[in-house]
Amino acid sequence: MRKRAAACLLTAALASAVLSGCGSGGSGRVLKVYNAGEYIDKSLINEFEREFDCTVVYETFDSNESMYTKLMSGEEYDILIPSDYMIERLIKEDYLQPVNWDMIPNSENLMDSVMGHEAYDEGHVYTVPYFWGTVGIIYDTTIVKEADTALGWNLLCDTDYAGDIYMYDSERDSFMVALKALGYSMNTTDTAQIEEAYDWLVAQRDTMEPVYVGDDVIDNMISGNKAIAVVYSGDAAYMMTENPNLNYFTPEEGTNLWYDCMVITKNCADTELAHAFINFMLEDENALRNSEAVGYSSPVESAFEEMRTTTYQGISAYVPRSDNPNDEVFGYQETELKKYLADLWTKVKAY
Amino acid sequence: MRHFKSLIRPYLVWSFLLIIIPLLLIVLYSVTTGGNSLLNIQFTLENFKKIADPIYRQVFMRSLKVGLITTLICLLLGYTLAYVISGFKERAQTTLILFVTIPMWINTLLRTYAWISLLSDNGIVNSFLNRLGIGRMSIMYTDFAVITGMVCDLLPFMVIPIHTALSKMDKSLIEASHDLGANRRQTFWKVTFKLSLPGVVNGVTMVFLLSISTFVIPKLLGGGQYVLIGNLIENQFISVGDWNFGSAISLILAVAILIMIWATKKIDTSEGGER
Chain A
1 MRKRAAACLL
11 TAALASAVLS
21 GCGSGGSGRV
31 LKVYNAGEYI
41 DKSLINEFER
51 EFDCTVVYET
61 FDSNESMYTK
71 LMSGEEYDIL
81 IPSDYMIERL
91 IKEDYLQPVN
101 WDMIPNSENL
111 MDSVMGHEAY
121 DEGHVYTVPY
131 FWGTVGIIYD
141 TTIVKEADTA
151 LGWNLLCDTD
161 YAGDIYMYDS
171 ERDSFMVALK
181 ALGYSMNTTD
191 TAQIEEAYDW
201 LVAQRDTMEP
211 VYVGDDVIDN
221 MISGNKAIAV
231 VYSGDAAYMM
241 TENPNLNYFT
251 PEEGTNLWYD
261 CMVITKNCAD
271 TELAHAFINF
281 MLEDENALRN
291 SEAVGYSSPV
301 ESAFEEMRTT
311 TYQGISAYVP
321 RSDNPNDEVF
331 GYQETELKKY
341 LADLWTKVKA
351 Y
Chain B
1 MRHFKSLIRP
11 YLVWSFLLII
21 IPLLLIVLYS
31 VTTGGNSLLN
41 IQFTLENFKK
51 IADPIYRQVF
61 MRSLKVGLIT
71 TLICLLLGYT
81 LAYVISGFKE
91 RAQTTLILFV
101 TIPMWINTLL
111 RTYAWISLLS
121 DNGIVNSFLN
131 RLGIGRMSIM
141 YTDFAVITGM
151 VCDLLPFMVI
161 PIHTALSKMD
171 KSLIEASHDL
181 GANRRQTFWK
191 VTFKLSLPGV
201 VNGVTMVFLL
211 SISTFVIPKL
221 LGGGQYVLIG
231 NLIENQFISV
241 GDWNFGSAIS
251 LILAVAILIM
261 IWATKKIDTS
271 EGGER
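Just so you know, the protein sequences line up as chains A and B, in that order. Using our numbering, the letters of the first sequence correspond one by one to residues 1 to 351. Using our numbering, the letters of the second sequence correspond one by one to residues 1 to 275.
So here's chain A without its partners, still in its complex pose (with noise of 0.2 Å):
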């Protein structure tokens, strides 16, 4: 009898342990805070742990679709840093609580600029701007001539430069460069133009032969591996600051402009200390470290004009384009279109 008890024990103890995960131990109040990986300076997170007596748990995520992925599977979060598109169906799927602006008066340090753009989030009621960005092209000055920049996206299709050119390696990103390369909108939800886009990739892919890569860009890139990129500008910024023969430009036809913002979720139990985290990071001090550290540009004046004018003076990656009509923000896809692209995709690499 005895021995089935102790079965019965361990077997208790191995279910909770699974079940419940790891409960975070220690005392206090708990901020359990989920971002992009490589996007934070850490020290900050120790340092407004002191200052509020609490413990932030800290994780990361590859990109907005594993993290939607992992809140799908039950796990909880306090604060989350998406972009705009995942802040949107976020909204539309009510995993948002409203920001308590009054409760944050570091918002007076944000710059206009970076609160015009709220498609996603009308009126700004659920999101608090942490970076913002454009996507563009990185290329390597003793390679690629200066005047071919002029072509724009198409520089990806110049077979001058077939066999030296690394492509992002997500639908999202790659259809945009393909839909605005042809002078579409890179929200659109026509169908012959998304084929049409899909034309354009296949054809680079056979006569550009490029490499679809994801974060291993930047090292790639750094070493000179190859000439040309399609980068995130907060990446270039930092790769430009790594190897001085980069150069970056965001083609004319238009790009995508994006805002990753802080938010708070529904099932957040201590908003007071939410509202602290982000209140913490939009000091100027504390947005300039955090730009600092990581290379994207500020939503912060102060810490955006500190960083033009100094670390990051004539690196032009760090002043994201904001006065072309072309740029557009990415917006929500049904279900039905993300599907839909995803294979064209699979289609384009796998071929």
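If you are wondering where the hints come from, they were derived from the structure by calculation, not from laboratory data. Since this is a predicted model, take the numbers as computed values, not measurements. Virtual Cβ for every residue (Gly too), placed ideally from N, Cα, C. Just to be clear, a hint being listed does not mean it is correct.
[Unchecked claim] Sample of chain A residues at the chain B side, in silico, Cβ under 10 Å:
(1) D62
(2) Y166
(3) T207
(4) V211
(5) K226
(6) E306
(7) D343
(8) V348
We have chain A; now place chain B onto it with these hints.
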């Protein structure tokens, strides 16, 4: 021993929770549509029909090819290595096997990143070739890079079972074979290899299983265009969010693997039966 039987129960519950239920869920997902929440499901075979698309067939064939080549190379290298190791004194053998497993102490991801810096266009191998006057070669993002990475990663899984089989073998059988007039080659094929066959089958099964479902190594060393089944499944679950289609692919892969394991076991027993 009888009275310890009840100790198996935690394991039964454990495996039911972590193996059987997820497997059943995969089967359920694969034959339904209606999203990931399983709230309003409809039964369908659409997911399986979709796999018949030529592009997905091609991905399957490529995975199969990469898996077979990796297994074959691992078998040749692994068998040779295990054979050489089993010829040493017992204590030296322990040390040598330890050396074989040392790479496994390091995370696969790190080892793959090491391969990237070795193989990339301005990497260590290329600067060496350049110095020798051979000139640069594009090694990254090719079959060669992917298979090199996979062989390196999976070799221990081949060496260890074969070595175990070889070292357990009764050496007097080899002497007997020589006494009976068999030459070295005959002795190897008719005695040594045959007796090590269970180890070979285990090694081949493990390496093949792991290589056909891998997705990290092809993604990093082969680039995004190197789509294998593993990548396809990862993609469906993580970025597309189509768990139904992802489950269907997983299920097909599982069935294909089961059939292949069954076939290898068949070879094993029929070879054994000849003895």
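Proposed interface contact between A:Y166 and chain B, which counts if any beta carbon pair is under 10 Å: Cβ of A:Y166 sits 9 Å from chain B, so the hint holds.
Is the hint on A:D343 kept, meaning its closest Cβ partner in chain B is under 10 Å away? Holds - the Cβ of A:D343 comes within 10 Å of chain B, reaching about 8 Å at its closest.
Holds or violated: is there a CB of chain B closer than 10 Å to the CB of A:D62? holds (9 Å)
Proposed interface contact between A:V211 and chain B, which counts if any beta carbon pair is under 10 Å: holds (4 Å)
So, A:E306 near chain B? Judge it on the closest CB pair being under 10 Å. Where the cut-off is 10 Å and the nearest Cβ of chain B is about 34 Å from A:E306, the hint is violated.
Does the interface hint hold: is A:V348 within less than 10 Å of chain B, judged Cβ to Cβ? holds (8 Å)
Answer holds if the nearest beta-carbon of chain B is closer than 10 Å to that of A:K226; otherwise answer violated. Holds. Min distance 7 Å.
Hint check: is the beta carbon of A:T207 less than 10 Å from a beta carbon of chain B? Violated - the Cβ of A:T207 stays beyond 10 Å from chain B, reaching only about 14 Å at its closest.
In the structure shown, a violation is registered for the earlier hints numbered 3 and 6, in ascending order.
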